[in-house]
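J.: Each chain, written out:
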Amino acid sequence: MPSNSHSCAGVTRRSFLADTGMGFTGLVLGSMLFRDQTAKAEQPDGRPHFPPKAKSVIWIFLCGGVSHLESFDIKPALNQYAGKSIEETPYKGVLATSEKNIVDGNPSHGNRKVLMPLQTGFKPYGESGLVVGDWFQNIGSCADDLAVVRSLWTIHNDHGAQLTWQTGRHPRELNHPTLGAWVSYGLGTLNQNLPEYVVLGVPTGDCCGGAFTHGAAYLGPEYAGVRLGNDAQKPLPFIRPASSEITSEEQLQNLSLLGKLNTLSGIDYPDDKELRARIKSYELAFQMQTSIPEVMQLETETEATKGLYGMDKPESKSFGERCLVARKLVERGVRFIQIFHGGGGGGEWDAHSDIKANHEKLSKQVDQPIAGLLKDLKQRGLLNDTLVVFGTEFGRTPGAEGTGRDHHPQGFSAWLAGGGIKGGMAHGATDELGFHAVENRHYVTDIHATVMQLMGLDSYRLEVPGRKRLEIDHGEAISQIIA
Amino acid sequence: MRLPPRISRRFLGLAFALAGAAPLLATPSNKAALERHYDRFLEKNLARCTTCHLPSDIKEPESLDDFPHNAFGNRLRILGEELDKAGKPKGIATRLALIAQEDSDGDGVANEIELLLGKNPGDSKQTPAAEEIAGAQAKQTEFARFIASYRWQPFERVQRPPLPAISNPGWVRTPIDAFIAAAQEEHGLKPRPEAPKSILLRRVYLDLIGLSPTPEEQRAFASDLSPDAYEKVVDRLLESPQYGERWGRHWMDIWRYSDWAGWTDGKQVRDSQRHIWRWRDWIVESLNADHGYDQMVVEMLAADELAPNDPETLRATGFLVRNYKMLSREQWLEDTVKHTSQAFLGITLGCAKCHDHRTDPISQAEYYQVRAIFEPHQVRTDRVPGVLDREKDGVPRVYDIDKDAPTYFFIRGDERRPDKDRVMQPGVPRALCGDRLKPALDITRVALPADAASPDKRDFVIRDTLLASEQLLLNARDAFTKAKTANQITERKFEFAIAEARHTALLAEIRAEQIEAAGNKSGDDWKEAAEETMRAQNEAALFETELGLYKLKTAQADARQILDDLPPPTEAEIADPYQAKREKAANDLKTAEGKIGAAEQAFAKAGAQANGDATTGFKPRPKDDYPAVSTGRRLAFAKWLVQNDNPLTARVAMNHLWLRHFGRGIVATPENFGFNGARASHPALLDWLAAEFMANGWKMKPMHRMLVTSNTYRMTSTPDAADLQLDTDNLFLWRMPTRRMEAELVRDNLLYVAGSLDLTRGGADIDQMQGLTSKRRSLYLRSASEKEVEFLKIFDGPSVNECYQRHPSVMPQQSLALANSELTLAQSQVVAKRLSEQAGANAEAFVRQAFERVLSRIPSDDELGACLAFLNAPSNDPAQAPDPMRLRENLILVLFNHNDFITIR
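Read top to bottom, the protein sequences are chains U and B. Be aware that the first sequence starts at 1, since it is given in my numbering, and climbs by one per residue. Be aware that the second sequence starts at 1, since it is given in my numbering, and climbs by one per residue.
In short, the hints are calculated from the structure, not lab data. There may be inaccurate statements among the hints.
To be verified - Label-pair restraints from in silico Cβ distances:
(1) B/K44 - U/P51: 36 to 44 Å
(2) B/K232 - U/P465: 39 to 47 Å
(3) U/T302 - B/E822: 35 to 43 Å
(4) U/T302 - B/M885: 31 to 39 Å
(5) U/L252 - B/L388: 24 to 32 Å
In this text, a Cβ means the ideal position worked out from N, Cα and C, and glycines have one as well.
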C-alpha cells in the first residue's frame with residue numbers, strides 16, 4: 001500500500017485526479033483509467049501474466065440443469081437396468097461415497113433410485129469416437145474439437161447453483177465476481193467501442209442469482225457484464241439522441257465537461273467504484289452509439305452463414321442470432337461473451353417431468369447454433385484463440401422422478417473447445433450410473449481456473465487487497481485438457 | 001472483515017450433509033438446536049442424531065424408544081425433566097451450558113472439550129488424546145467468546161436487548177447510535193464526522209420524500225442555525241404528502257405491486273386486476289396517515305372480513321388481488337403463499353411446496369396448512385358510485401367464495417396428485433410461533449352484512465342503475481324525435497316504447513326489492529310491485545318481438561323491391577352486370593323469410609303472455625350475489641402475524657426500513673431470514689428496533705425519525721483511509737453509504753428540478769408509453785409484466801414478479817438514457833430557459849443557479865471555472881459560433897448526467 005496518508009484502497013486523491021482528469025476527450029484509455037502508479041503491483045495492468053492461448057471466451061450457459069446422462073456422459077447401464085432400483089443393480093455401491101466434500105442432492109433423493117432409461121439415442125462421433133447423445137448430434141459432429149469434463153460437482157442442490165457456476169460461491173453468500181468479471185478486470189479491452197464483457201439472452205432469474213450471475217461484486221460495476229438485446233432493430237434503447245439536431249461534436253464537448261465535473265466532485269470519494277464505472281460507461285456509451293447497431297446488424301450475413309447458425313429455422317433462430325452476434329463480438333475483440341439459454345426463473349432445462357419432451361424441444365433450439373458457432377469460428381481461423389465453454393448448473397438424476405429427472409449436483413458435465421483446448425477427449429468420469437463424479441473430480445471453479453490459465457491470467461495475482469479468496473475460489477486448471 | 005463469515009469448504013459440506021441426511025421421524029429440532037448452539041464449533045461427525053442417541057439399525061423407527069439415548073443424551077433428557085419440574089428454563093442452550101463441564105460417558109474428559117474436539121461425549125470409546133486435550137484451550141476460549149456474543153434467534157420472540165455500553169456515549173444521539181458505535185468500537189473503526197449541511201439536506205429530502213430540496217429550501221436550512229434545524233426539516237418532510245408517495249413505492253416493491261397484464265387489447269386480464277391502482281393509493285394514504293404497520297397488514301390480508309362495508313379499506317386487499325392469475329389457480333395460490341410469507345415473515349415458505357424445507361424447520365404439510373388459509377378466497381370488482389361498467393372503474397378486492405374448499409396435501413407438490421385422504425386444515429408453521437403463539441389459528445367465521453353479500457343492492461348502485469335507465473329512455477326519445485323516414489320513425493317508436501317499458505319494470509322491481517329488504521316480501525305491496533314489474537317486462541317483450549317481426553318484414557319487402565326493379569337477366573353468354581346485386585337481394589330475401597315464421601311465433605307468444613294474468617315471476621335485473629359468510633381464516637392469520645409475540649413480522653419490517661435508509665439490510669437478504677439467508681450484521685440492533693417499533697404501536701414515522709436523526713445517518717459518506725482498510729464494505733457503518741437514486745427518483749427529479757413535475761396524487765395508472773412525456777410522479781406510471789417504462793427499467797426499476805430490494809447497476813444504457821432521451825433533452829431546455837430569465841446574460845449567475853437547482857449545492861471554484869469555460873468556448877469558425885442558449889441547455893444536460901445528480905451522498 002502507498003504510504004500517502006490520503007490513500008484509500010490503493011488510490012490517492014491526487015492519483016484519482018491524474019487518472020480521471022482527462023476523461024474520454026483527453027483520450028485516456030478507459031481500461032487504463034484508474035491504475036494507480038504506486039499500487040501497480042497489486043492492480044492489473046491489462047497485460048496477461050503469461051502467454052495466453054486464447055483472447056476471448058464465449059461462455060454458454062444453459063439454465064435449469066441439462067441431463068449429463070443424455071448429452072455428454074452417456075450411461076448405457078441405465079437402459080440395461082431401467083426400472084430397477086439402484087440397490088438391485090451390480091452398481092449399488094455408487095451410492096456410498098468416501099468423498100468428504102460430496103453434496104447431497106435434495107432429501108427426496110431417496111425416491112429417485114429407480115433408474116430411468118436414456119430418453120435419447122447416442123453414438124460415437126469423429127476420429128475420437130466421443131459418444132454424444134442424439135439430442136446434441138450437431139455438436140457431436142464437432143466432437144474432435146471438444147474436451148468434455150465428465151466429473152464436475154457443485155455445492156448447491158437447487159437452482160442457486162446457477163450463481164455458483166458463475167462465481168463459485170453458494171447463493172447464500174450473495175454476490176462475488178463472476179468469471180467474466182475476473183477476465184474483464186484482468187485483461188481489459190481490445191476494443192474501446194464495445195464493452196469488455198457482454199451478456200446475451202435472458203439471464204438467470206432473481207430466485208437463483210439474477211443480476212449477480214453477470215455481476216462483478218467488489219471488483220466494481222465497470223467490470224460487470226453489459227446486457228445487449230439481440231434485436232438489430234432495437235439493440236439498445238436510447239442509442240441515438242432524441243433530437244437529430246444534436247451533433248457528434250456537441251456530444252463530445254458535453255462529455256468533456258461531464259468528465260471534468262465528475263472528476264472534480266469525485267476527489268472526495270477516491271474509493272467510489274460506481275463513479276469510476278459511470279465515467280467509463282459514458283465514454284463507452286458514446287462509442288456504442290455507432291458500434292452496437294453495427295454488431296447487431298445481421299442482415300448483411302450470407303444465407304449460408306445464417307443457415308449454419310440455424311437462423312433459418314424458427315426454433316433455433318433466436319439462439320442462432322445470439323451465437324452469431326457472439327462471433328461478431330469476438331472478431332471485434334470483446335473479451336468475454338456470456339450467452340444464456342432458457343433463463344428466467346429456475347431455468348427452462350429443469351425437467352422434473354417429461355424430460356424427453358423438454359430436452360428434445362430445448363436441444364433443437366441450441367444444438368445447431370452452437371455447432372454452427374464452432375464451425376464458423378473454425379473456418380474463419382478464430383477458434384484457435386477463442387475459447388468456447390458449454391455449461392449448466394448441475395446434471396440430472398439417473399433415477400426417475402416420474403417422467404423427469406431431478407437435480408443432480410453430485411456429478412455432471414461441461415465441455416470446452418477452441419483456444420488451447422485438446423479436442424476429441426473426455427476427462428474425468430462418473431460411476432457406471434452417472435451418480436457420483438468419481439475419477440478426476442472437479443469443482444466448478446476448476447473450469448474457471450482453466451479459462452483463466454488459457455487467457456494468460458494467474459487468478460492469485462489478481463486478488464484484491466482485503467479480499468482474500470479461498471483455494472476453492474481459485475480452483476485448479478485442468479491440465480489434462482490443455483493442449 | 002466480512003459478514004457472513006466466509007464459509008469454508010468444510011463448512012459448506014457440513015451444511016448440506018445436515019440438510020440432506022435427517023433421518024425419518026427423528027426429532028430434527030433437537031439436532032438443529034444442538035447445531036445452533038455450537039454453530040461452526042460443531043464438527044461434522046457430531047451434527048448427527050448419534051451425538052445423543054445410540055446407533056440403531058432400525059430403518060424407520062416408530063418412536064424414540066427404537067432409538068434410545070446414549071449417556072450424554074440421557075443426561076440432557078433427565079436434566080430437562082428436572083428443570084421442568086423446578087419450573088426453570090430448560091432450553092437446550094441452558095442445558096448444554098449446565099453439563100459442559102460434566103463427563104457424561106465417564107471417559108475422563110469433560111463433555112464440552114469432547115464436543116469441541118469432535119469426540120462423542122456420550123461414547124466412552126471416543127476419547128481425545130492427551131495432546132489434543134492440551135490443545136483444546138484456544139478453542140474453548142474462542143467458543144466461550146462466541147457464546148457470550150449476542151446470539152440472534154430470529155425464530156424466537158423479540159426481546160429488547162439493553163443498549164450496549166460504549167466508550168464515547170457523547171456520540172449517541174438516538175439509541176441506534178449506541179449499537180452502531182459498539183460495532184464500530186469492536187472493529188476498531190472511527191465514525192466519520194457529520195456531513196456538510198447541503199449534503200445532509202439533499203440526502204434526507206431524497207430519502208423521505210424522493211424530491212431534492214429547492215434552492216429556497218437549501219438557503220433556509222443553511223441559514224437556520226438553531227440546534228434543531230435538522231429535526232424541524234425531518235418533521236416537515238414526514239408530514240409532507242410526498243412522504244407517502246416515496247415510501248409507498250418502497251412498500252409497493254416489497255408487496256409486489258403490479259398493474260393488470262393481459263392480451264387482446266385489454267379484453268383479457270391475465271395477471272392482477274383492473275383498477276388495482278386503488279390499492280396503491282391506499283398504501284400512499286395509509287403511510288401518510290401513519291397507520292400502524294400491524295393495521296396495514298391485517299387490512300391487506302383481510303379487510304373484507306374486518307371492514308366488509310368500507311370500500312376505502314377494502315382497497316387494501318389489492319395485496320392479494322395482485323396475485324390473480326387467469327391461467328392457473330395453482331400458480332395464483334402458490335404465489336400468494338410464497339410472497340405473503342416472504343414479505344411479512346422473511347421466510348421462503350415456497351420452498352416447502354414439494355418437500356420439507358431443506359434448510360429451515362418447515363414441513364411440507366405446514367406449507368399446505370398455510371395454503372388452506374387462502375384456499376377459499378377469490379377476487380371480484382365492486383362498483384364505485386357513478387360508474388356501472390366495472391371495466392371502466394371499480395374496487396378490485398377479495399372475498400371467500402367457497403368456505404368449504406378443501407386443501408389437499410399434494411404428493412411431491414404435484415397438483416395432479418392430491419392426497420384426498422389428507423385434507424389440510426388452516427394453520428401456520430410451528431417453528432414460526434416462538435414460545436407463546438399457537439400453530440393452530442383461532443378462526444371464527446365472519447357473518448357479512450347484506451351490502452357485502454349483495455353489493456348491487458347498495459343505494460348508489462340502484463341510483464346509478466336508474467340513472468342509466470333514464471338515460472337510455474332519453475336517448476330513445478331523442479332518436480325518435482330525430483327519425484326522418486317512415487321506416488326510421490316506426491323503428492324508433494318501438495325502441496322508445498321498449499325503453500319506457502323497461503324503465504317502468506326497473507322502477508317497479510326496485511320498489512319490490514326495497515319492500516323485500518324491509519322484510520315485507522309476503523305482503524300485498526310486494527306482490528303488487530312484482531306484478532307490475534312482470535307486466536312491464538311483458539310489455540317490453542311484446543314490443544321487442546313486434547319490432548323484430550317488423551324488421552324482418554321490412555327486409556323482405558325491400559329485397560323483393562330490389563329484385564323487381566332490376567332489369568331481367570341478359571342472355572346467358574354475356575355477363576349479367578347486376579348479378580352480384582341480384583344474388584345479394586335474393587339471399588336477403590331468403591334469410592328474412594326463413595326467420596319470419598319464428599318471429600311471428602315469438603310475437604304471438606309475447607302477446608299471449610302480455611294478455612294473460614301477471615304473476616310475480618319477473619326476471620330480476622342482473623346483480624352479483626356473494627356468500628354472506630367468510631371463513632375468517634385470513635383474519636385469524638393476519639392477527640397472528642401482527643401479535644407482538646410473532647418472532648418475525650416486526651424484525652422483517654424494520655429490516656426493510658433500515659435497508660432503505662442505509663442501503664443495506666441488517667439482514668442483507670430481507671426476504672430470507674432463514675438458514676440460506678445472510679447473517680445479521682447488527683442482530684441486537686434489529687431486535688431493539690423491532691421491540692421499539694411494537695412499543696410505538698407499529699407506527700413507522702417515529703422509526704423513520706429515529707433513524708434519520710441519528711448520528712449514524714448524519715455522518716459524511718467520504719472515506720477514511722484507516723476505516724476503509726479495516727472494513728472496506730462499510731458493514732459496520734463507519735460512514736454513511738453512498739447510494740444511487742432508484743429509477744423513479746431519477747425520472748421524478750429530472751422533472752422536479754425543472755419545475756415540471758405534476759404533484760397531483762393518486763388515480764388511475766398512466767400508460768407506460770407516456771413514461772417520457774407524462775409529468776406525473778413515476779409511481780403512477782403503469783407497471784406490469786410487459787408494460788413497463790423502459791427508462792425506469794434501465795435504472796434497475798422494480799421487477800413486477802419479485803423485488804424485495806433493488807440492485808443498482810452502472811451500465812452504458814443508463815448513460816445513453818440520460819444523454820439521449822427526449823425527457824432529459826426537453827427538461828434541460830426548460831431549466832435553461834427558466835434560469836436564464838433570472839440570470840440574464842450573467843453566465844456566472846447562471847452556473848451558480850444551475851448547480852443549486854440541479855445538484856442542490858453551490859459549485860466549487862474549479863467547477864465554476866470549467867462551466868464558464870464551456871459556456872464561453874471560443875469558436876474556430878465565427879460563422880458557426882454556438883448559440884449561447886444552446887450551450888446553456890447543454891450545460892444543464894451535463895448536470896443531469898453528473899454523477900452527483902443520480903447519487904445520494
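J.: Each hint: holds or not?
T.: Evaluated hints:
1. B/K44 - U/P51: 36 to 44 Å: Check passed, 43 Å falls within 36 to 44 Å.
2. B/K232 - U/P465: 39 to 47 Å: Given range 39 to 47 Å: holds, Cβ gap about 44 Å.
3. U/T302 - B/E822: 35 to 43 Å: Given range 35 to 43 Å: holds, Cβ gap about 38 Å.
4. U/T302 - B/M885: 31 to 39 Å: Given a distance of about 50 Å, which is not inside 31 to 39 Å, the answer is violated.
5. U/L252 - B/L388: 24 to 32 Å: 59 Å, violated
Comparing the model with each earlier hint shows violations of hints 4 and 5; every other hint is respected.
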